[in-house]
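Protein chains in written order, with our numbering: chain D, 7 to 257; chain W, 7 to 257.
Since the hints were derived computationally from the structure, they do not count as laboratory data. Bear in mind the structure is a predicted one, so any value in this text is a computation, not a measurement. Each hint should be verified, as a subset may be incorrect.
Since copy identity is lost for identical chains, a pair holds within one copy or between any two.
Result set (EDC-like, lysine to aspartate or glutamate): computed pairs, CA atoms no more than 20 Å apart in a straight line [said to hold, decoys possible]:
(1) LYS72 <-> ASP45
(2) LYS72 <-> GLU62
(3) LYS136 <-> GLU236
(4) LYS153 <-> ASP57
(5) LYS72 <-> GLU10
(6) LYS72 <-> ASP37
(7) LYS72 <-> GLU99
(8) LYS153 <-> GLU62
(9) LYS136 <-> GLU245
(10) LYS153 <-> GLU133
(11) LYS153 <-> GLU211
Chain residues, written in single-letter form:
2 protein chains.
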Amino acid sequence: MIYELYYWPGIQGRGEFVRLALEEAGADYVDVARGPDADGGGVAALTALLDDAGCERPPFAPPFLKAGELVIGQTAAILLFLGPRLGLAPPDETGRLWAHQLQLTIADAVAEAHDVHHPIAGSLYYEDQKPEAARRAADFTQGRMPKFLGYFEQVLARNRCGTGWAVGDAESYVDLSLFQLVAGLRYAFPHAMAGLEPALPRLVEVYARVAARPNIAAYLASPRRQPFNESGIFRHYPELDPCPPPALLSS
Amino acid sequence: MIYELYYWPGIQGRGEFVRLALEEAGADYVDVARGPDADGGGVAALTALLDDAGCERPPFAPPFLKAGELVIGQTAAILLFLGPRLGLAPPDETGRLWAHQLQLTIADAVAEAHDVHHPIAGSLYYEDQKPEAARRAADFTQGRMPKFLGYFEQVLARNRCGTGWAVGDAESYVDLSLFQLVAGLRYAFPHAMAGLEPALPRLVEVYARVAARPNIAAYLASPRRQPFNESGIFRHYPELDPCPPPALLSS
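Take these sequences, add in the hints, and give me the full structure.
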């Protein structure tokens with residue numbers, strides 16, 4: 007099976023959570039929209055599938071994955087599908103449901119990280135919503151980030167297997183996604199993360215272990231890993247991550 | 007099996023998507039936090055489970071479902087679990103993945119409907135973010151609502167079974183959730199919905215068919231169905247739904 011991943015070229019975005027799973031498993035895949043138009047790639051290939059009136063079960067938005075005839079949208083659903091096929095999900099149904107539940111909470115954190123720089127509308131530029139973004143950033147870095155990251159730290163601490171992975175006794179796509187969440191938040195909010203990380207030793211350890219996996223290390227060093235930038239989900243705008251952190255919002 | 011649903015009392019919120027599935031299936035369930043404290047109910051029961059340090063796999067937030075020893079958080083994951091058990095999911099794995107993918111897109115729409123009145127922070131009151139909410143409402147009603155609802159209309163149109171349900175040839179939890187999405191948006195944004203509905207005949211039909219199901223009709227007429235209000239996800243603030251609709255945002 008050669009998997010086809012469709013996602014906007016030029017950014018890591020939500021596609022990166024899928025890429026990390028495919029890379030770690032050494033799966034055969036094509037990052038379709040990053041390929042040349044002449045070979046059936048490019049954004050044209052992505053929009054052609056989105057706009058295909060003959061597709062009975064169309065995805066709402068990228069990323070989506072083609073696996074044979076199957077087209078799957080929604081990042082967490084793609085990983086629910088891929089996990090067992092790539093050896094990156096627990097063997098039991100209960101474990102798989104737990105992994106998926108964690109992935110959905112990671113997705114919530116990612117959506118909120120995005121909305122920090124786009125609190126009013128994704129259809130507007132950041133420059134059109136800077137005052138609102140500054141207010142939202144204060145709440146995110148002071149309230150939501152500690153809540154999400156503290157939750158994942160607790161999940162790691164309570165895993166009775168004691169192997170340091172998020173789910174059961176083996177690495178799963180959840181660990182890869184936690185790596186990406188930490189990487190993105192470190193890029194976007196270095197000051198806020200520096201303040202939080204001392205209380206998140208297990209999460210920091212998962213990040214390091216994932217980064218050191220041979221396939222992931224090779225991927226991160228390759229041109230396939232696109233750099234973070236200010237077109238993606240995790241954006242670094244210094245004014246949204248002041249040092250010292252802003253005062254907490256009060257109601 | 008007696009299912010235990012845990013969700014904040016006093017609002018429909020995300021818990022309602024689970025309630026509708028349990029009600030339609032005639033399942034035995036307890037809406038724990040709406041029960042009296044003296045019987046082990048109330049918010050205390052909910053927070054006790056959230057704060058239980060002995061819970062190896064804690065939910066991040068309500069709603070969550072207890073099914074025997076299993077605790078499941080995340081609305082879409084709860085429905086992924088319940089669907090086949092309640093006869094509200096397709097029989098095949100591909101169909102179940104498609105239903106789940108649609109549910110995740112409904113969840114995205116619900117999150118955005120919430121953020122219209124809370125674009126800056128869930129920790130603040132609406133009154134603390136009214137100007138920002140007005141800007142976000144314009145984008146939501148003019149851009150995002152038509153996009154989400156138009157997508158679901160397209161999904162209904164493309165279902166080759168031709169029975170009018172969202173997935174395959176039978177009712178599923180997706181139809182129940184589409185009912186709730188339409189109900190919530192009609193409550194929150196009656197003017198915007200009145201403008202959109204002529205282009206959404208299949209979605210309007212799903213709403214009507216779900217509302218007429220005997221178990222759902224009985225539920226809606228019962229005190230178990232809490233009214234929409236301005237503490238929930240779908241809130242009606244007239245200033246966010248002007249007539250005529252506001253001009254589109256431009257960047």
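Each hint tested on the structure:
no.: 1; hint: LYS72 <-> ASP45; in the structure: within (17 Å within a copy, 50 Å between copies)
no.: 2; hint: LYS72 <-> GLU62; in the structure: within (14 Å within a copy, 35 Å between copies)
no.: 3; hint: LYS136 <-> GLU236; in the structure: within (14 Å within a copy, 28 Å between copies)
no.: 4; hint: LYS153 <-> ASP57; in the structure: between (39 Å within a copy, 13 Å between copies)
no.: 5; hint: LYS72 <-> GLU10; in the structure: within (5 Å within a copy, 37 Å between copies)
no.: 6; hint: LYS72 <-> ASP37; in the structure: within (11 Å within a copy, 40 Å between copies)
no.: 7; hint: LYS72 <-> GLU99; in the structure: between (24 Å within a copy, 16 Å between copies)
no.: 8; hint: LYS153 <-> GLU62; in the structure: between (39 Å within a copy, 18 Å between copies)
no.: 9; hint: LYS136 <-> GLU245; in the structure: within (9 Å within a copy, 23 Å between copies)
no.: 10; hint: LYS153 <-> GLU133; in the structure: neither (28 Å within a copy, 24 Å between copies)
no.: 11; hint: LYS153 <-> GLU211; in the structure: within (19 Å within a copy, 41 Å between copies)
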